[in-house]
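Quick mapping for you: the protein sequence lines, in order, are chains A and B.
The first sequence begins at 545 in the working numbering and counts up one residue at a time.
The second sequence begins at 4 in the working numbering and counts up one residue at a time.
Hints were generated in silico from the structure; no laboratory data involved.
It is possible that some hints are incorrect.
To be verified - Heads up, simulated EDC-like pairs for lysine to aspartate or glutamate below, C-alpha to C-alpha not over 16 Å straight-line:
1. B/317 x A/632
2. A/680 x B/90
3. A/680 x B/96
4. B/8 x A/614
5. A/601 x A/625
6. B/317 x A/614
7. A/680 x B/130
To be verified - If you only want the chain B side, here are some residues facing chain A, beta carbon under 7 Å, derived:
8. 257
9. 260
10. 303
11. 319
Each residue gets a CB set at the ideal place from its N, CA and C atoms; glycine is no exception.
The lines below spell out each chain.
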Amino acid sequence: MSMETAEPARDAARDARRPGATSTGRLARLLALVPYVVNRDAVALDEAAAAFGVTEKQLIDDLNMLWCVELRAPDPYCPIDLSYEGGEITVTEAESIARPLRLKADEAAALLVALRMLAGLPELHDRDALSRLIAKLEAAAGAAAQAAGKVAVEVVETRGDTLARLRAAVGGRRRVHLTYYVPTRDENTERDVDPMRLLVVEGTTYLEGWCRRAEAVRLFRLDRITDLAVLDVPADVPDEAEPIDVDAGLFRPSPQDEAVTLELTPRGRWVADSYPCESVTELGEGRLRVVLRTPDTRWVRALALRLGDQGRVVAPAALAGAVRDDAARALARYDIA
Amino acid sequence: MSRRKTERLLNLVVCLLATRRYLTAEQIRRAVPGYPDGDEAFKRMFERDKEELRELGVPLEVGSDASGGGGEEIGYRIPPQAYELPEIHLSPDEAAVLGLAARVWQRASMADAASGALLKLRAAGVETDVPTAVGVEPRVDTGDPAFAPLWEAVRDGRPVTFEYQGVGRTHGARRHLEPWGVVSRRGRWYVVGHDRDRGEPRVFRLSRISGPVRPDGPAGSVVVPDGADVRAIAFGQDDPSAEPRPATVRLRSGAAQGPRRWARDVRPVGDGWDEGVLTFRDLDRFAPYLARFAADVVVLDPPDLRDAVIGHLKSVLASNETAGAGSAGAGSGGAGEGR
Numbered sequence: 545m546s547m548e549t550a551e552p553a554r555d556a557a558r559d560a561r562r563p564g565a566t567s568t569g570r571l572a573r574l575l576a577l578v579p580y581v582v583n584r585d586a587v588a589l590d591e592a593a594a595a596f597g598v599t600e601k602q603l604i605d606d607l608n609m610l611w612c613v614e615l616r617a618p619d620p621y622c623p624i625d626l627s628y629e630g631g632e633i634t635v636t637e638a639e640s641i642a643r644p645l646r647l648k649a650d651e652a653a654a655l656l657v658a659l660r661m662l663a664g665l666p667e668l669h670d671r672d673a674l675s676r677l678i679a680k681l682e683a684a685a686g687a688a689a690q691a692a693g694k695v696a697v698e699v700v701e702t703r704g705d706t707l708a709r710l711r712a713a714v715g716g717r718r719r720v721h722l723t724y725y726v727p728t729r730d731e732n733t734e735r736d737v738d739p740m741r742l743l744v745v746e747g748t749t750y751l752e753g754w755c756r757r758a759e760a761v762r763l764f765r766l767d768r769i770t771d772l773a774v775l776d777v778p779a780d781v782p783d784e785a786e787p788i789d790v791d792a793g794l795f796r797p798s799p800q801d802e803a804v805t806l807e808l809t810p811r812g813r814w815v816a817d818s819y820p821c822e823s824v825t826e827l828g829e830g831r832l833r834v835v836l837r838t839p840d841t842r843w844v845r846a847l848a849l850r851l852g853d854q855g856r857v858v859a860p861a862a863l864a865g866a867v868r869d870d871a872a873r874a875l876a877r878y879d880i881a
Numbered sequence: 004m005s006r007r008k009t010e011r012l013l014n015l016v017v018c019l020l021a022t023r024r025y026l027t028a029e030q031i032r033r034a035v036p037g038y039p040d041g042d043e044a045f046k047r048m049f050e051r052d053k054e055e056l057r058e059l060g061v062p063l064e065v066g067s068d069a070s071g072g073g074g075e076e077i078g079y080r081i082p083p084q085a086y087e088l089p090e091i092h093l094s095p096d097e098a099a100v101l102g103l104a105a106r107v108w109q110r111a112s113m114a115d116a117a118s119g120a121l122l123k124l125r126a127a128g129v130e131t132d133v134p135t136a137v138g139v140e141p142r143v144d145t146g147d148p149a150f151a152p153l154w155e156a157v158r159d160g161r162p163v164t165f166e167y168q169g170v171g172r173t174h175g176a177r178r179h180l181e182p183w184g185v186v187s188r189r190g191r192w193y194v195v196g197h198d199r200d201r202g203e204p205r206v207f208r209l210s211r212i213s214g215p216v217r218p219d220g221p222a223g224s225v226v227v228p229d230g231a232d233v234r235a236i237a238f239g240q241d242d243p244s245a246e247p248r249p250a251t252v253r254l255r256s257g258a259a260q261g262p263r264r265w266a267r268d269v270r271p272v273g274d275g276w277d278e279g280v281l282t283f284r285d286l287d288r289f290a291p292y293l294a295r296f297a298a299d300v301v302v303l304d305p306p307d308l309r310d311a312v313i314g315h316l317k318s319v320l321a322s323n324e325t326a327g328a329g330s331a332g333a334g335s336g337g338a339g340e341g342r
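Isolated chain A, as found in the complex (with noise of 0.2 Å):
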């Protein structure tokens, strides 16, 4: 029942233990860890370790880095004095290192892009704090500020009032009501969702919720639910409902599914860069050919229907000739066989 809490704790604790993983990470981490306790005045070794995602061990190796730090010239010089006795961690002497290094220009930009990216949101409630965050970070960043114009990110705007009232659901634990389009399959589905949380992927806005018809976390697209009703009742999101792993890719095709191999003309290479491929392969003079895995063929069928010249099916050969009888039964519509 906890998952919007749950999964930001989850993802601080990630995003804590990369920066000791790269070349210069570990002397980054040592010029924050004297700021850091020298602005808390004290710091338990414990919360210290955490918050840099380290080892309590690791963190007191750190420490006693600092506190060896000695400049033999002009005279022997010990400028750090700390201590960790008794599990807590102060700083009584650092004098140079005693605030942090400034931003550099893509730490400025990953947050202000992200900063603008999210004011792009519609129904964003902290709008105020949100500028007020930008205009902080710009004037602390200064200069480094700069490159981060030069990127940006749209977010999809969705039509109606749908996010604001699953927004509203999310927040109020509430059951929802869907009725959902499902391309593939060219239908519209009715199901009633627990919401979980609202997340932009891709540019895309989704639902993730516990789905009662399929008992199991699903994500949905905010522009294919056709209809929508919160209901009057608490939603009850089942304790092994984990959180879809977004960063790990939406689309995981499994063994199970089937392959199909399509050809491209140059003016099908779009195929490529749309749908998730499992290989990709230049046949010369700009033509693909392209592997994909589905669970489900009807949409490949709906695909080479789009693709007209622009490509065809190679297999299976079964397939091909559905999207052939396709074709012939929608020309016999019109009087044309």
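Starting from the structure of chain A, add chain B where the hints point.
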């Protein structure tokens, strides 16, 4: 990085931050433990160390002050005001938004940069583990291999060259670009800049760049014209000037759910069919879209759309004719690659 190297670099930073005057290489060698005895070995190691510090974003100032012990000789120092992150205080609501922003990036380059920024802000006293109020969590993927080198080129104002194959092209071509900006829409990344081969602004989709993106000129040599709107250049031409037109279509009852979602005036006309009106702009895009619904959609009007859909369906038949054995039962002999 080895422990000894980390230790040496840490000492070097502390030493250069503590000094007010410029320290010569020799003075640094004497002050900082861990440098080798040989002159050449020291020189090489010191050069690498300086490079490491620059990569880390440490502002290394090079100069000389006659009054110092170094005389006219070139020395180094780190000016604290250039090194230090200015004071920053965030209210809890700002910190919550910061946490959300830091989780946006899905892949290494930008995700690492965001973590690095958080580390520094945390060190400055900002509490970053403020739980986010229920909202929308955006994720942005920068999976295109061309993203990192293009971002660096844009950041540093450096021209680049790469191999590019647009849709409809039979071959890739080497392109030379002064990049102005990188933009994303619907999860797809584009780079915009001055195309040196065409002599005008152009847009390139990152997924269609093959092979490495290489520097093609010095950093700082790209000048972004005043008022150049990168987003408008990237997405502006997407908008066809064609007027919207109505199309009358038949939709098989209970089918063609896709077009029904935005059709107007849908009414049953008997024999298991409904009739409705759809609006379209671009015939070349709309005809294939309708063809996708096969025998569930029939175009009645306008005639040019009707003809386009018929033509498109015929091309589907022709394209898939050579695909070998099908339900038609004709021998698949030959299996010649028709196209």
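(message) Tell me the hint numbers this structure goes against, listed in increasing order.
(response) Violated hints: 1, 5, 6, 8, 10; rest satisfied.
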